Structure formats: C-alpha cells, structure tokens
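Chains as they are written, first to last, in numbering that gives the first Met the number 0: chain C, 0 to 169; chain W, 0 to 218.
Please keep in mind that the hints were generated in silico from the structure rather than gathered at the bench. Wrong hints could be hidden among the right ones.
To be clear about the criterion: a stretch of chain W counts as covered by chain C if any three or more of its residues have a C-beta under 8 Å from a C-beta of chain C, and this derived list gives those stretches [unchecked claim]:
| # | stretch |
| --- | --- |
| 1 | 11 to 25 |
| 2 | 82 to 90 |
What the simulated footprint calls covered on chain C by chain W, stretch by stretch (three residues with Cβ under 8 Å from a Cβ of chain W suffice, anywhere in the stretch; the number is not a length) [stated by the list, open to error]:
| # | stretch |
| --- | --- |
| 3 | 6 to 16 |
| 4 | 20 to 30 |
| 5 | 38 to 46 |
| 6 | 117 to 127 |
| 7 | 141 to 148 |
In this text the structure is predicted, and so the values were computed from the model without any measurement. Note that beta-carbon positions come from the ideal geometry of N, C-alpha and C, so glycine has one too.
Here are the chains, one letter per residue:
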Amino acid sequence: MDGRTRRDFGELVAARSPELLRLAYVLTGNQHAAEDLLQSALTKAAAHWGRIHGAPEGYVRRIMYREQVGWWRRRARRPEIAMAHVPERPARDEVVMVEARLALRDALLALPPGKRVMLVLRYLEDLSEAQVADILGCSVGTVRSQTHKAIAQLRSVLPSRGQASTEVSK
Amino acid sequence: MSGPEEMIADALREIAAQAGAPRAIADAAWRAGRRRRLAALTASAVAGAAAIVAAVLLLPLAAHGQPPSRPPSQQGRTPISLRSPIQFRQVAAISNASCPAGSGGLPGTLPDSATPACFYLTGTGMTVTALQSAQVIPSGTGSYLLKIVLPPAQTGPWAALTRKLPGLPSPRDQLAIIIDGRVIADPAVQGPITGGTAEIPGFATRAQAESLLSSLRNQ
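Based on the provided sequences and hints, a complete structural model is requested.
Here you go:
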C-alpha cells in the first residue's frame with residue numbers, strides 16, 4: 000500500500016509540479032519562495048498521503064493558499080516586496096498601455112500575499128466568494144472586504160490617463 | 000474591452016508564467032513528509048480555525064543532541080495536575096470524513112485544519128493526568144512548540160509505547176494525542192522517546208500554545 004501511494008505521489012508531482020509551481024509563484028512573487036511554498040505543501044501532503052481521498056492536487060493547493068494567508072497575518076508588519084520603479088517617460092498610446100500592464104503587474108506583486116491570494120482565487124481561478132471562503136476557512140465577508148481592498152490598492156497605482164483608466168474605474 | 004477583473008487575471012497569469020522549471024522535489028518532499036513528518040512546517044493561522052494544533056512532532060531529544068533544557072531546580076518539584084487528561088493511543092486507521100455515529104472513532108482534522116477526519120485507535124495507549132513540566136518554546140521557524148515532560152513514573156511506559164511505533168506502515172506509526180475526546184494531533188513517532196518528553200509544535204503564536212496549556216491545567 001505504501002509503495003502504491005508513493006508512486007501516486009510521484010506521479011502527481013511529476014505531472015503537476017509545473018502548474019503548481021506557477022501557482023506558488025503568483026502567490027509568492029519569486030522563484031525561491033515559490034519553491035519553498037510548494038515543497039512545504041507537498042511535504043505536508045506526503046505526511047498525510049494515505050488519507051487524502053478525492054483530489055490530492057486540490058489538497059496541495061489549499062495548503063498553499065492557507066499558508067500564504069497565514070504568512071500574511073504573521074508578517075503583516077514586515078515590509079512588503081519593493082515595488083519596481085515605473086518609468087515616467089512620455090509615450091504613445093501603445094507604450095502607455097504596456098506601462099499600464101507593467102504597473103498592474105508590479106502593483107499585484109507589491110500587494111500583501113494575503114490580498115493577492117484573494118485575487119488569485121477570485122479572478123485567476125475564477126471561484127465564487129463562497130468557494131474562496133471555504134478554501135481559506137474564513138467568512139464570505141472577509142473575502143469580499145479583502146478583495147475590495149486589494150482592488151482599491153491596485154486602482155491607486157494604475158495609470159490615471161488614457162484608455163486604461165476608463166477600463167479600470169468601475 | 001476587458002474589465003478590471005480580466006485585466007487582473009491576465010496580469011496574474013503573466014506573473015505565473017514567469018515561474019521557472021520546478022526542481023525534482025517529489026523524493027525530497029516524500030521523504031520529508033514520511034520520515035520527518037511536519038517538522039519543518041509552520042501552522043497556518045487561518046481565520047476561524049478551531050484546531051489549535053495543526054501539526055505535531057514527537058522527537059526523542061537525544062536525536063537533537065539537546066539535553067532537556069528546563070532548570071534542574073524545577074524537576075520533580077512542581078508537577079502540573081491536569082484538569083483534562085491527555086491520552087496517547089496508536090492510530091489504526093484514519094478516514095477523511097466525520098465519524099459516523101457508533102463507529103467508535105474519535106473526531107479530529109487533517110492538517111489543512113478544515114477537512115474533518117475520524118481516527119480509529121488501537122491498543123490501550125497511556126493516559127497522563129499530570130505533567131512534570133510544560134513550556135512554550137519558539138520552534139525557530141516562526142511557530143511555537145509546547146514541550147511537555149511526563150512524570151518520572153510514566154517515562155518507562157512512554158518509552159515502551161513509542162518504541163513500538165517507528166517503522167510501522169502509516170498510519171500505524173502515528174500516535175493520536177487525545178484531549179476531551181478529540182484527536183488534537185497525530186504525529187508519527189520516529190524513534191523511542193526515552194526522556195519522557197513530547198514536543199507539540201504547530202502553534203502559530205505563543206498565545207495559542209499557552210491557551211491550550213492553561214485550558215489543560217487544573218486551577
């Protein structure tokens with residue numbers, strides 16, 4: 000039994016690591032932290048492998064989401080990742096759009112991990128507020144308010160001119 | 000064009016695409032998971048999580064090369080009498096669902112703190128109604144451990160109990176820690192624990208560990 004579950008584990012990791020690492024990367028914002036997060040989640044899953052029935056990948060993902068939310072709580076007072084400098088050069092519309100995208104990316108990476116978790120679950124995974132609340136073990140109200148705050152934080156760093164601004168303002 | 004949600008999703012997708020190739024981690028994770036169990040992990044401080052203990056590790060102190068760190072003056076002097084006994088029993092099987100009525104299993108949760116689990120236990124195990132000492136110590140990885148020392152009379156039975164488990168197929172190598180009819184943790188035992196000690200890590204904050212300790216303590 001142990002051998003079989005060991006093989007299942009190897010197969011999951013082999014098949015899904017790239018995707019899981021991408022998720023870890025978007026959650027943490029850098030390669031090292033992403034590898035640590037994934038390794039830690041897989042270790043946790045391995046320790047309880049025999050009794051995860053159904054969707055082990057979902058279990059691994061849930062652990063990663065929850066660990067990120069936990070880090071966010073414990074590290075709330077630590078400085079966040081420094082935001083990359085957004086160049087201020089006069090430009091054509093196309094460049095403005097590219098800059099807007101880069102600014103949005105930087106702003107997403109500058110968010111506290113817990114808020115980014117909300118955006119990943121809501122918009123990248125496209126889950127409902129209730130599903131997100133279930134995964135994180137918090138209330139729907141918390142999901143709603145954290146998502147709202149995250150978007151508000153993004154709005155403030157998005158370009159305030161041109162097409163992008165009309166798209167972003169609700 | 001796209002709304003803010005889609006722009007955010009696109010940007011998140013772009014970030015995710017920057018991830019490099021994963022290293023070969025299956026073997027390392029598996030070994031770490033099976034043999035060291037949850038040693039390197041910290042508990043998630045999840046809102047509303049009722050389970051205080053997310054992970055437990057029982058380690059023979061000798062394996063760390065650390066002598067018990069309590070001051071010698073405290074030994075044998077002020078045993079802590081417990082309001083609720085702590086019971087330790089070998090795990091026979093675990094199912095990831097709430098216990099059916101009349102099943103004889105005890106409730107607990109999987110380490111994601113959310114999935115209910117039912118623990119089926121075997122053997123008489125042992126019951127502890129007093130502790131020689133207990134202290135909350137930092138784990139070094141941002142979380143806290145509750146380190147307990149059993150009364151001298153139970154050191155022998157404790158060593159005997161923990162000697163039987165290492166190397167058994169999972170989950171029979173796990174020892175359920177039961178308080179008030181609930182399995183608060185189910186660590187795998189790595190080796191016989193001869194010092195009468197048990198370390199319960201996985202507390203996100205010192206206050207959580209102290210809260211469990213004070214709830215156990217007889218006033």
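Going down the list of hints, with the structure as the test:
Closer than 8 Å: that is the beta-carbon criterion, and the stretch 11 to 25 of chain W has 14 residues meeting it against chain C, so the requirement of 3 holds. Only residues whose C-beta sits within less than 8 Å of a C-beta in chain C count toward coverage, and the stretch 82 to 90 of chain W has 0 of them, not enough to reach three; the restraint is violated. Counting residues of the stretch 6 to 16 of chain C whose CB falls under 8 Å from any CB of chain W gives 5; the rule of at least 3 is met. For a cut-off of 8 Å, the count of residues in the stretch 20 to 30 of chain C with a CB near a CB of chain W stands at 8, and the three-residue condition holds.
Coverage of the stretch 38 to 46 of chain C by chain W holds. Counting CB-CB distances below 8 Å, 8 residues qualify, and the rule asks for three or more. Here's how the stretch 117 to 127 of chain C fares: 6 of its residues keep a CB closer than 8 Å to some CB of chain W, so the rule of at least three is met and the hint holds. Counting residues of the stretch 141 to 148 of chain C whose beta carbon lies closer than 8 Å to any beta carbon of chain W gives 1, which falls short of the minimum of three for the stated coverage.
This entry does not satisfy hints 2 and 7, going by the numbered hints stated previously.
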